[in-house]
Amino acid sequence: MHNKSVAELSRELESGKISSVELTREYLGRLRKEDEQLNSFISITEDQALADARAADEQRAAGKATPWTGVPFAHKDIFCTNGVATTCGSKMLANFVPPYDATVTSNFRNAGAVCLGKTNMDEFAMGSSTESSYFGATTNPWGLSRGEKRVPGGSSGGSAAAVAARLVPAATATDTGGSIRQPAALCGVTGLKPTYGRVSRYGMIAFASSLDQGGTMARTAEDNALMLNVMAGFDPKDSTSIDREVPDYTATLDEPLKGLKIGLPKEYFTGNLSAAMEEQVRGAIREYEKLGATVKEVSLPHADLAIAAYYVIAPAEASANLSRFDGARYGYRCKDPKDLLDMYTRTRAEGFGEEVKRRILVGTYALSAGYFDAYYLKAQKVRRLIQQDFINAFKEVDVLMSPTTPSPAFVQGEKTSDPVTMYLEDVFTIAINLAGIPAMSVPAGFVDGLPVGLQIIGDYFSEARLLNAAHQFQQVTDWHQREPQ
Amino acid sequence: MTISRKDIEKVAVLARIRVDDQQVSALEKDLGNILDLVDQLSAADTDSVEPMAHPLNAVQRLRPDEVTESNQREAFQAIAPATENGLYLVPRVIE
Amino acid sequence: MQWDIVIGLEIHVQLATRTKIFSGSSTAYGAEPNTQANAVDLAMPGTLPVPNEQAFRYAVMFGLAVNAEIERRSVFERKNYFYPDLPKGYQTTQLERPIVGPGYVDIDLANGETKRVRIHHAHLEEDAGKSLHEDFHGMTGIDLNRAGTPLIEVVTEPDMTNADEAVAFAKKLHGIVTSLGICDGDMSQGSMRFDVNISLKPKGSETLGTRTETKNLNSFRFMEQAIAHEVERQMDILEDGGTIVQETRLYNGDRDESRSMRTKEEANDYRYFPCPDLLPVEIDDAFIDEARNSLPELPDARKARFMDQYGLNDYDAGLLAGDSKLAAFFEAAAERGKDAKLASNWVQGEFSARLNAEEKSVAQSPITGAQLGDLVVRIADNTISSAGAKKVFEALWSGENDNVDAIIDAKGLKQVSDTGELEKMVDEVLASMPDQVAQYQQESDPKKQKKMLGGFMGPLMKASKGQGNPKLFNEILVRKLGG
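Chains as they are written, first to last, in my numbering: chain A, 388 to 872; chain B, 1189 to 1283; chain C, 2 to 484.
A hint or two may mislead.
Counterexamples of contact, computed for chain C against chain A with all Cβ distances above 12 Å [unchecked claim]:
#1 Asn35
#2 Asn39
#3 Thr48
#4 Arg79
#5 Lys89
#6 Arg119
#7 Pro159
#8 Asn163
#9 Thr211
#10 Glu214
#11 Arg250
#12 Asn253
#13 Ala354
#14 Trp398
#15 Ala411
#16 Glu476
In silico DSS-like pairs for lysine-lysine, Cα to Cα no more than 25 Å straight-line [as the list claims (entries may be wrong)]:
#17 A:Lys404 <-> A:Lys391
#18 C:Lys80 <-> B:Lys1194
#19 A:Lys420 <-> A:Lys391
#20 C:Lys80 <-> B:Lys1198
#21 C:Lys342 <-> C:Lys415
#22 A:Lys725 <-> B:Lys1198
#23 C:Lys472 <-> C:Lys451
#24 A:Lys802 <-> A:Lys677
#25 C:Lys463 <-> C:Lys449
#26 C:Lys342 <-> C:Lys326
#27 A:Lys725 <-> C:Lys451
#28 B:Lys1217 <-> A:Lys802
#29 C:Lys392 <-> C:Lys463
#30 A:Lys683 <-> A:Lys653
#31 C:Lys392 <-> C:Lys342
Calculated from the structure, these hints are not laboratory results. Note that CB positions come from ideal geometry on N, CA and C, so glycine has one too.
Please put together the full structure from these sequences, using the hints given.
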């Protein structure tokens, strides 16, 4: 049962072969057992899940089912869940139980889906390895059988590891610089970061507001489409959400790819990439050619500036977004503060982890008097150049393809000592967030027994086309079905 | 660009994060490395480029002036570190 | 040494919207603490701002009323600083592209001249909550009901040269925003708060001196006092050869003292940057036209109308027209009383004096303009004397009775205006005062004669038990004595 996709589970529930309560029990049992090794969940909400499952069975019996009614899944612990702790992987919010739902959360609730718990993540979504969580690192299920403890990527490493290990068929995730695609690649699952503004950010704890985007993670492209059907849409509570029709993303999955024009950004196939990785990615692209696509090289001339621009803009926005964590109204407060300043400085020193503090300080510095123009304003200008690169590329081709990451999953601890080394993990993903366009990572092979991701990048609001391209690829390959031992 | 200890102490005050001397030393190295990375920006020719604050070229929607929220003080203050008589309590400002 | 005083103002005007600038929480004043502070206002994690259209409409109306340019594409910035009454750790405000651009307001000076004060800009922003420093076991209590209330901050050019001008400007602005209905104007509740920037320079000098900012003045009187106080303080320092420190000062009106809050060196680095949770706000012609069409009569137009319609002089018309509520009160009194000048005298005299004495606003007045109008009718038709009128006013004010005629009857304030009866009394009094009559008749200076008439009024009022119509008594006396 645990190898079934959301689409399959939905059909089994509909046919009455299994009830949501039975399914939920089975998943919860497996989750309790298997997650001890992985630590992919911060909290498992067993009672709530079973109550939701019972309600889902009643809904289905009453003939009021959606494709999601009774299907188990999990939320990244960045989405606020009414009455359930929402920690963002931080000591600061370790005991924070919001009295409200994120829009994404209520969308899944309304669809009748059964949330099993909250998945682990890098603290405040700042990281590429899920090692900075206050609740301990998550381990990638790949490599475990060889006794290796590898990272699942991050920041949505909990969601990726849980989906890869078949603990849940699907999980929500967020992506600010690669936080869906990079862990999806490293764990061998399929993930989609939608166009900025496609999914509401309300109740999704902010890291960098102009880059953050909620998205999907599952094993198949079809399941990603089913998720996006629930998540996408205009939200009056989010000023940056876009009022634009939401198509049925499953409706176009089967369209043939004949004539699809694929661009390969030459800047993404250079130095950073190992020969073995490149071989896997090129192999995947050959599959697309077999499916009738044409391939040409394109250029994103400002690609090498993306990381620099990102590490000004994201920390700058974060430095303000995280000011609300001050110990006054919710969350952590230091013990026995002697005055207000002491409360602020100790609460924030003790409540935030090292990487979060580093980014707040970098962002504060970049915005401070005398540096604003050289850093923040300059980065915003470079951001436009990067966006223009993509706009130009999409005049020539329909989608861009590249590796998602420069290398497969690395060993825990390998990159924690040097923040900059960690930042380079996102070298192929980060520009997409700066531009605000959608992109996916699709399992496309293995190197040394570790999954490799193919990144498919699309123009604004081209999610349906990306899902279609990924789905067609998954009809002729089985990389996404491989299961870690 | 290098960042000095004094700069770090200054931004730590602005950001209201306590840092001890040892942390300042570590931050001097880490933030220095990050800023070295960021300094690549200066190579870009951005004359006559408009800064980009948002990915989408959209304009702000405005909300009608109608009360949509009701009193939920109890729920919000149940998760507060300290309250009394409906007020959030914080330590005094010592000037 | 002679000094020029240079004054600029920053005025925070709380907009009278139903809801907050970025959330659907009510802005009603006086609710229990934190009952109007919801997820967005409390800066709960993941919550996002959505701006209130009415705040923009009000800001545009203000801009049009002060002859300003409206910014078609305005942007919100974050101003970063930590304080417990600021839940997000930043204030959402406008810096680079405020909604209201340069404009001006003309003020009337005491010497009858008009002076133009330029407005640099006005921007929309959110108000902070309130810190209550009463004793909570040595802690501070925070009420966030006010957090997120929409404000426009109006910033003037340093065009004012003394406290009178600054106060005249402040009152004018108060009149404009209350006439527009975009602010309730209640300064005691903080609906308008003034910051005053003051510097001195040697008379005639082109170079501006170092300025100080005195913050949060919430009455015109305190503003006047604070300016006088600060000018004197700076003058003392400069004349002793000292230098002014650029700083923010806090004025204590009750003690007439000020103290430094922070100097420029300690000034925060606010790290303004565009708020990524909000998009640029585009205001189109239709929106501006709609706002323009909804503009009510403004103080300048009203003043002209009062002069024209009611025959008031420039000073009276300006004073009554300046405050929309006072103007409405006057108009009700004048319409009912049929004697605009008398109504004007009473509104500016007894009525305003009582409001001031009891620190009440026009809205809090226990009497209506129509009631005062009824009183004016009875004064004008000689039913009551002015002394009697004061008694009627008193009874109305105290709520003893709300009907003017009923009060006159109950208190027996009706004047005797029967000339036959009055003539009889005059005859009797003149007969009892032959010496004074002779004196009067021998006096050739009419001015002195007029004065001497007073000597007969006392006994006449006594004879009539205070109810004789003094005007008629006077007429009869003149006739009989001069006869």
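Handout entry: Restraint status (C-alpha distance of A:Lys420 to A:Lys391 at most 25 Å)
Key = Satisfied, since the Cα-Cα distance of roughly 19 Å is no more than 25 Å.
Exercise for the section: Measure nothing beyond the straight line between the CA atoms of C:Lys342 and C:Lys415; if it is 25 Å or shorter, mark the hint as holding. Expected result: Roughly 22 Å separates the two Cα atoms, so the pair holds.
Exercise for the section: Quickly compare the C-alpha distance for C:Lys392 and C:Lys463 to 25 Å and report which way the hint goes. Expected result: holds (18 Å)
Handout entry: Agreement of A:Lys725 and B:Lys1198 with the hint, judged by alpha carbon distance not exceeding 25 Å
Key = holds (21 Å)
Problem - Assertion that C:Glu214 lies outside the chain A interface [Cβ separation over 12 Å] - result: Holds: least Cβ distance 19 Å, greater than 12 Å.
Exercise for the section: Hey, is C:Ala354 genuinely clear of chain A, shortest beta carbon separation above 12 Å? Expected result: Label holds. Min Cβ-Cβ 45 Å, cutoff 12 Å.
Practice task
Sort out whether B:Lys1198 lies within 25 Å of C:Lys80, counting only the CA atoms.
Solution key: Satisfied, since the Cα-Cα distance of roughly 17 Å is no more than 25 Å.
Problem - Given hint B:Lys1194 paired with C:Lys80 - CA-CA distance at most 25 Å - result: holds (23 Å)
Practice task
Just double-check C:Asn163 for me: nearest Cβ-Cβ distance to chain A has to come out over 12 Å.
Solution key: Non-interface label on C:Asn163 holds, nearest chain A Cβ at 35 Å vs cutoff 12 Å.
Handout entry: Given hint C:Lys451 paired with A:Lys725 - CA-CA distance at most 25 Å
Key = Given that 25 Å is the threshold and the Cα spacing comes to 79 Å, the pair is violated.
Practice task
Compare the distance between the alpha carbons of B:Lys1217 and A:Lys802 with 25 Å, and conclude whether the hinted pair is satisfied.
Solution key: holds (16 Å)
Handout entry: Proposed proximity, C:Lys342 with C:Lys392 (alpha carbon, max 25 Å)
Key = Since the Cα atoms of C:Lys392 and C:Lys342 sit roughly 20 Å apart, the hinted pair holds (cutoff 25 Å).
The earlier numbered hints that this structure contradicts are 1, 2, 3, 4, 5, 24, 27.
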